[in-house]
Amino acid sequence: MTVNVNLFADFLQMWHYQFMQHAFEAGTIIAIVAGITGYFVVLRRSAFVAHAFSEIGFAGAAGAVLIGIAPIFGLLMGSILGGLAIAALGRRVTNRDTQIGIVLAFTLGLGLLFINLYTGYATEAYSILFGEILGISSSNVLLTLSFGLVILIAIAAIYRPLLFASLDEEVAEAKGMPMVFLGTAFMLLVAVAVSISVQIVGVLLIFSLMVTPAATAQYLAKRPQQVIIISVIIALIATWSGLFIAFYTPYPVSFFITTISFATYLLVRFGYGRIRPIKVPATRIHANGEIKTDA
Amino acid sequence: MPSNLITADNLAAGYREKTVWRDANFAFGRGEFIAVIGPNGAGKTTLFRLLLGLQRPTSGSLKIFDAPPKRGNPQIGYVPQRHVIDSDTNVECLELVRLGLSGKKWGFNPFSKKENDAAMAALESVGAAELAHSSLGVLSGGELQRIFLAEALVSEPDILLLDEPLSNLDLRRETDLLHLVNDVVRSRDVTALLIAHNINPLLPHLDKVMYVANGKVATGKPSEVLTSESLTALYGVQVEVLRDPHGNVAIIGVEEHHGDMK
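Quick note, the sequences are listed as chains A and B, same order. First residue of the first sequence? That's 1 in my numbering, and the numbers climb one at a time after it. First residue of the second sequence? That's 1 in my numbering, and the numbers climb one at a time after it.
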């Protein structure tokens with residue numbers, strides 16, 4: 001395959017291959033889901049939880065490979081059980097780091113054992129860890145679409161209470177919001193989102209779709225709905241261009257997705273901030289005539 | 001409608017085996033500004049938790065509008081004790097205030113113009129309209145308290161519970177915020193309970209004061225409660241209340257007793 005100057009022709013050439021079509025279809029769904037879910041992950045400072053799900057999912061996926069079923073089911077099973085367990089540990093995310101760390105180290109070890117017991121190809125482990133989007137079947141795409149839709153509908157249903165509980169936990173609780181339900185529902189949504197996203201970027205690189213785009217978008221907008229849209233756009237750009245570049249180079253897709261995602265973050269974090277700092281002007285005059293200068 | 005918004009009869013609060021305070025009797029009417037004063041751990045926030053329905057009385061009765069407190073009561077606006085918002089939180093103030101109105105609603109619905117206008121009106125009423133599109137993460141302590149106040153007021157509550165809004169504020173901002181709360185109480189006829197450590201800056205505005213200390217609660221007009229006799233009875237040690245020509249009070253003999261208010 002050769003790269004032409006004509007990107008459109010290149011794209012058509014790539015689209016000719018069915019595995020690339022599947023990769024783009026699944027990648028698009030995953031980028032949308034991860035971009036949206038990621039906003040709440042960032043807002044609730046649950047990045048470590050998202051990472052934990054992926055590693056707990058790894059044990060599930062490796063176990064699935066061992067008993068001969070598709071890794072995605074093991075991933076879903078593992079991360080959903082992990083999500084329920086973490087939700088049951090307590091409501092305050094900030095105090096759970098230690099427990100999560102303990103559990104994920106154990107599950108990673110368990111996953112290693114399963115892979116070791118499995119006498120087939122070591123590439124299975126490799127693709128779970130680092131993603132293998134080029135092997136996505138049409139049934140995988142359908143499965144991704146179904147779970148993706150479930151996540152989107154669920155997030156739309158709990159959008160405002162979840163935002164409220166994430167931003168202002170104490171007031172939301174006093175207002176009678178079902179905090180345990182919201183926390184558990186959120187954990188399960190992240191668990192499922194992580195499971196389907198792992199197909200592309202793998203267990204170890206999940207942050208590049210789940211955290212980086214949302215964290216980047218936070219520098220560009222202050223309204224949650226705008227941040228979510230920008231987050232999705234960044235995830236889509238990283239996924240699409242990662243797939244495209246990887247098709248014409250001998251290097252892995254995950255590398256390009258993580259790199260583009262990271263480069264966007266750096267550009268926005270250090271480039272955009274210089275052009276338009278997010279801080280409001282240093283000196284403000286209040287309605288009551290008070291003049292205030294930021295430290 | 002009853003004359004009193006909040007009434008307590010022989011109310012006691014605590015957790016399982018431990019009683020925090022007992023024998024509290026008080027009645028607060030509409031539009032009263034009440035300071036809740038006492039040392040750390042005396043059970044001031046516990047009172048708020050009772051009113052919010054987050055905790056049940058261990059004995060006695062507490063009524064809001066003649067009904068026991070229930071969680072999620074829309075008649076109450078609550079500003080919990082918060083020190084900082086993470087500076088990474090790049091969410092505009094207007095969004096938080098709108099959530100004070102619509103955060104309980106299920107379903108995805110881009111916030112309506114009506115909710116937007118209500119949130120802007122709440123921000124204006126606390127003199128923070130120009131902060132509407134500022135990020136929460138960059139605000140000063142005094143500005144944040146105004147935003148939190150707007151978030152509590154946007155649903156037009158009858159009762160306002162403010163947990164140590166003055167902590168972390170310098171004297172100037174403290175005075176500004178107290179004037180603001182007083183204006184809110186008078187203009188909206190809201191009953192406000194404000195937890196603080198120092199009574200003096202509050203005295204010009206207060207209708208009533210509630211002292212929580214030593215497992216007991218003393219409530220009444222500042223002139224009734226802030227006397228040597230009344231505070232001596234409350235703290236159980238000799239307490240002197242001194243007044244300066246500006247009406248400030250100094251309470252002597254209490255400080256050394258702070259340690260054992262269990």
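Just so you know, not all the hints are guaranteed correct.
[Claimed, not checked] A few chain B residues that don't get close to chain A, going by computed Cβ distances all over 12 Å:
#, residue
1, 19
2, 26
3, 250
[As the list claims (entries may be wrong)] Some chain A residues close to chain B (C-beta under 8 Å, calculated; not the full set):
#, residue
4, 44
5, 158
6, 160
[Unchecked claim] Examples of chain A residues toward chain B, derived with CB under 10 Å:
#, residue
7, 45
8, 135
9, 156
10, 175
11, 223
What the hints contain is simulated information worked out from the structure, not anything from laboratory work. Every residue gets a Cβ at the ideal spot worked out from N, C-alpha and C, and that includes glycine.
Hints and how they fare:
Under the 12 Å C-beta cut-off, the non-interface status given to residue 19(B) relative to chain A holds; the minimum distance is some 23 Å. The claim that residue 26(B) is not at the interface with chain A holds, since no C-beta of that chain comes within 12 Å of its own (minimum 21 Å). With a minimum CB-CB distance of about 30 Å to chain A, residue 250(B) clears the 12 Å threshold, and the non-interface call stands. Checking residue 44(A) against chain B: minimum C-beta separation of about 11 Å lies over 8 Å; hint violated.
Of the supplied interface hints, the one on residue 158(A) holds, with its beta-carbon coming within about 7 Å of a beta-carbon of chain B, less than 8 Å. Below 8 Å, beta-carbon pairs count as interface contacts, and residue 160(A) has one with chain B at about 5 Å; its hint therefore holds. Because the beta carbon of residue 45(A) sits about 8 Å from the nearest beta carbon in chain B, less than 10 Å, this interface hint is met. The criterion of a C-beta within 10 Å of any C-beta in chain B is not met by residue 135(A), whose closest approach is roughly 34 Å, and the hint is violated.
Annotation: residue 156(A) was flagged as interfacial toward chain B, and the flag holds, the nearest CB pair being 4 Å apart, inside 10 Å. Nearest Cβ of chain B to the Cβ of residue 175(A): about 5 Å, under the 10 Å cut. The hint holds. Interface hint status for residue 223(A): upheld, as the beta-carbon distance to the closest one in chain B is roughly 6 Å, under 10 Å.
When the structure is compared with the earlier hints, violations turn up for hints 4 and 8 and for no others.
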